[in-house]
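2 protein chains.
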Amino acid sequence: MKKGKKAVSLLSGGIDSAVASAIAKKAGYLIYGLSFDYGQTHRFELSSAKKLAKHLGFANHIIFPLPLKQFGASALLGKGRIPKGRSKDEMQSGIPNSYVPARNLVFLAIGSAYAESIAADAVVIGAHTLDYSGYPDCRPEFMDAFQKAVNLGTKAGVEKRLIKIWAPLINMSKVEIIKTGLELGLDFSLTLSCYDPDEKGRACGECDSCVIRKKAFQDIGKRDPGIYR
Amino acid sequence: MKKGKKAVSLLSGGIDSAVASAIAKKAGYLIYGLSFDYGQTHRFELSSAKKLAKHLGFANHIIFPLPLKQFGASALLGKGRIPKGRSKDEMQSGIPNSYVPARNLVFLAIGSAYAESIAADAVVIGAHTLDYSGYPDCRPEFMDAFQKAVNLGTKAGVEKRLIKIWAPLINMSKVEIIKTGLELGLDFSLTLSCYDPDEKGRACGECDSCVIRKKAFQDIGKRDPGIYR
Numbered sequence: 088m089k090k091g092k093k094a095v096s097l098l099s100g101g102i103d104s105a106v107a108s109a110i111a112k113k114a115g116y117l118i119y120g121l122s123f124d125y126g127q128t129h130r131f132e133l134s135s136a137k138k139l140a141k142h143l144g145f146a147n148h149i150i151f152p153l154p155l156k157q158f159g160a161s162a163l164l165g166k167g168r169i170p171k172g173r174s175k176d177e178m179q180s181g182i183p184n185s186y187v188p189a190r191n192l193v194f195l196a197i198g199s200a201y202a203e204s205i206a207a208d209a210v211v212i213g214a215h216t217l218d219y220s221g222y223p224d225c226r227p228e229f230m231d232a233f234q235k236a237v238n239l240g241t242k243a244g245v246e247k248r249l250i251k252i253w254a255p256l257i258n259m260s261k262v263e264i265i266k267t268g269l270e271l272g273l274d275f276s277l278t279l280s281c282y283d284p285d286e287k288g289r290a291c292g293e294c295d296s297c298v299i300r301k302k303a304f305q306d307i308g309k310r311d312p313g314i315y316r
Numbered sequence: 088m089k090k091g092k093k094a095v096s097l098l099s100g101g102i103d104s105a106v107a108s109a110i111a112k113k114a115g116y117l118i119y120g121l122s123f124d125y126g127q128t129h130r131f132e133l134s135s136a137k138k139l140a141k142h143l144g145f146a147n148h149i150i151f152p153l154p155l156k157q158f159g160a161s162a163l164l165g166k167g168r169i170p171k172g173r174s175k176d177e178m179q180s181g182i183p184n185s186y187v188p189a190r191n192l193v194f195l196a197i198g199s200a201y202a203e204s205i206a207a208d209a210v211v212i213g214a215h216t217l218d219y220s221g222y223p224d225c226r227p228e229f230m231d232a233f234q235k236a237v238n239l240g241t242k243a244g245v246e247k248r249l250i251k252i253w254a255p256l257i258n259m260s261k262v263e264i265i266k267t268g269l270e271l272g273l274d275f276s277l278t279l280s281c282y283d284p285d286e287k288g289r290a291c292g293e294c295d296s297c298v299i300r301k302k303a304f305q306d307i308g309k310r311d312p313g314i315y316r
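Chains as they are written, first to last, in the working numbering: chain A, 88 to 316; chain B, 88 to 316.
The hints are simulated quantities; they were obtained by calculation from the structure and are not laboratory data.
Take the hints with a grain of salt, since some may be wrong.
Which chain B residues stay away from chain A? Per the calculated CB distances, all over 10 Å, these [said to hold, decoys possible]:
#: 1; residue: Gly-101
#: 2; residue: Lys-112
#: 3; residue: Gln-127
#: 4; residue: Phe-131
#: 5; residue: Leu-133
#: 6; residue: Lys-141
#: 7; residue: Ala-146
#: 8; residue: Asp-176
#: 9; residue: Pro-188
#: 10; residue: Tyr-201
#: 11; residue: Glu-203
#: 12; residue: Glu-228
#: 13; residue: Gly-244
#: 14; residue: Leu-271
#: 15; residue: Leu-277
#: 16; residue: Gly-313
DSBU-like cross-link-like pairs, simulated, lysine-lysine; straight-line CA separation at most 30 Å [unchecked claim]:
#: 17; chain 1: A; residue 1: Lys-242; chain 2: B; residue 2: Lys-92
#: 18; chain 1: B; residue 1: Lys-137; chain 2: A; residue 2: Lys-156
#: 19; chain 1: A; residue 1: Lys-156; chain 2: B; residue 2: Lys-171
#: 20; chain 1: B; residue 1: Lys-92; chain 2: A; residue 2: Lys-247
#: 21; chain 1: B; residue 1: Lys-156; chain 2: A; residue 2: Lys-137
#: 22; chain 1: A; residue 1: Lys-93; chain 2: A; residue 2: Lys-266
#: 23; chain 1: B; residue 1: Lys-302; chain 2: A; residue 2: Lys-156
#: 24; chain 1: A; residue 1: Lys-175; chain 2: B; residue 2: Lys-113
#: 25; chain 1: B; residue 1: Lys-242; chain 2: A; residue 2: Lys-175
#: 26; chain 1: A; residue 1: Lys-235; chain 2: B; residue 2: Lys-141
#: 27; chain 1: A; residue 1: Lys-266; chain 2: A; residue 2: Lys-242
#: 28; chain 1: B; residue 1: Lys-156; chain 2: A; residue 2: Lys-92
#: 29; chain 1: B; residue 1: Lys-156; chain 2: A; residue 2: Lys-141
#: 30; chain 1: B; residue 1: Lys-242; chain 2: A; residue 2: Lys-301
#: 31; chain 1: B; residue 1: Lys-242; chain 2: A; residue 2: Lys-156
#: 32; chain 1: B; residue 1: Lys-235; chain 2: A; residue 2: Lys-302
#: 33; chain 1: B; residue 1: Lys-235; chain 2: A; residue 2: Lys-242
#: 34; chain 1: B; residue 1: Lys-171; chain 2: A; residue 2: Lys-242
#: 35; chain 1: B; residue 1: Lys-251; chain 2: A; residue 2: Lys-247
Cβ atoms here follow ideal geometry from the backbone N, Cα and C, with glycine treated the same way.
Build out the structure end to end from the sequences listed, making use of the hints.
And the structure:
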């Protein structure tokens, strides 16, 4: 069954998971994409994920339904208003309101189930913490703890076939992430970073995610090919 | 919002998760049941889970769809034939073929997301290892590793509101589990343990799970109220 290295890549449609996937591809992995339909406030994220999976030549791409909405209002992305025009200091104060309960724990667990099912060697996630550090489930110490849980809680782990939990961006800044993506030929026009796109899928340019993206492209001195309203 | 202690209980329809739920109820928790529709080879498991949730007076009971089938044949329960009439020694050799890739990792992760969404104090799981030890994701060391991942990867953990991963049966034998359930007034006629029930939901009496159950009731000297064909 096994031919070459395989990796499951958690693909959101944003910049980070696209660059993480491009890094895994460059490293020689055959990529099996996994995106979650978990009640995001907009559907454009999944549409970007589909375009990216094609662009990056994934071996497969699964959109996995995950009805977290059933758990109540606090399980939802987009609780309350999306803050606009915040400074970096404001972004860095506390856990962002875009935090979704145990999201990466759930995504990585299902990614590990997929990886074990297809005898893949890694689960790739675009998590990083440098630009703003509010998400507990993007920290290296969480990744390490999750790796131990996978090693102990799967047949693969018991049989010493490591499923590596790989967060290749974990110590990169947004500038480094975008530079890496450009070097790898990633088409950033396919990515969508905005928390609040309009009905045509155009980014707002003012939410935390848009502000960080725009600033990073400015710092590099490259045009951001993202579509803004 | 918070009134008294809440626990999310992972409920399969079998004996173990029913007794674990009864223990949590006795300990004063309000129980929020969570069952997974993950492509079990039979539907009677979920029907038993529904009856048990009612019998045990759960505050809520969610059946969560989890299409693991998409990950390929090896993600499915019931790969190959279900072994019948095996001895205890045979059952204890290696990881059983009823192992589902990363199942408890996924179940506990989604349970933790539910727990965090409703500000619950615990996630209860009926895992235990004494009777047969083949499942890696039932071991205490896995539970400990998963607890650390939850503590590090959730807002609740960062804010020191512990979501306890609680496996109250972890060191119990099947005899002790059934005795405990009987003491707590659990109606075992509602549980279904069989891996291979017939079209009317009657147990086979010969698969590993039936053999272990029947032997435990015999050892206690009580009639097994389960329905066999």
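task = Decide, holds or violated, for the assertion that all CB atoms of chain A are farther than 10 Å from the CB of B:Phe-131.
result = With a cut-off of 10 Å, B:Phe-131 remains clear of chain A, as the shortest Cβ separation is near 23 Å.
inquiry  = Need the status of pair B:Lys-242, A:Lys-156: alpha-carbon distance at most 30 Å?
reply    = Since the Cα atoms of B:Lys-242 and A:Lys-156 sit roughly 18 Å apart, the hinted pair holds (cutoff 30 Å).
task = Could you check that no beta carbon of chain A comes within 10 Å of the beta carbon of B:Gly-313?
result = Holds, since 29 Å exceeds 10 Å.
inquiry  = Would the hint linking A:Lys-242 and B:Lys-92 be met if the CA-CA limit is 30 Å?
reply    = violated, 34 Å
query = Is B:Lys-92 close enough to A:Lys-247, meaning Cα to Cα at most 30 Å?
reply = violated, 39 Å
ask   = With d taken as the least Cβ-Cβ distance between B:Ala-146 and chain A, does d exceed 10 Å?
value = At roughly 12 Å from the nearest Cβ of chain A, B:Ala-146 sits farther out than 10 Å, so the non-interface label holds.
message = Need the status of pair A:Lys-235, B:Lys-141: alpha-carbon distance at most 30 Å?
response = violated, 37 Å
ask   = Are all C-beta atoms of chain A more than 10 Å from that of B:Leu-133?
value = The claim holds: B:Leu-133 sits with its nearest Cβ about 15 Å from chain A, beyond 10 Å.
inquiry  = If we take the beta carbon of B:Gly-101, is the closest beta carbon in chain A still more than 10 Å away?
reply    = B:Gly-101 is indeed farther than 10 Å from all Cβ atoms of chain A, at 19 Å.
query = Are all C-beta atoms of chain A more than 10 Å from that of B:Lys-141?
reply = Its Cβ never comes within 10 Å of chain A, the nearest being 19 Å, so this holds.
query = Does A:Lys-156 lie within 30 Å of B:Lys-137 when you go C-alpha to C-alpha?
reply = Holds: B:Lys-137 and A:Lys-156 sit about 20 Å apart, inside 30 Å.
Assertion that B:Gln-127 lies outside the chain A interface [Cβ separation over 10 Å] = holds, 15 Å
Checked against the numbered hints given earlier, the structure breaks hints 9, 10, 11, 12, 13, 17, 19, 20, 23, 24, 26, 27 and 32 and satisfies all the rest.
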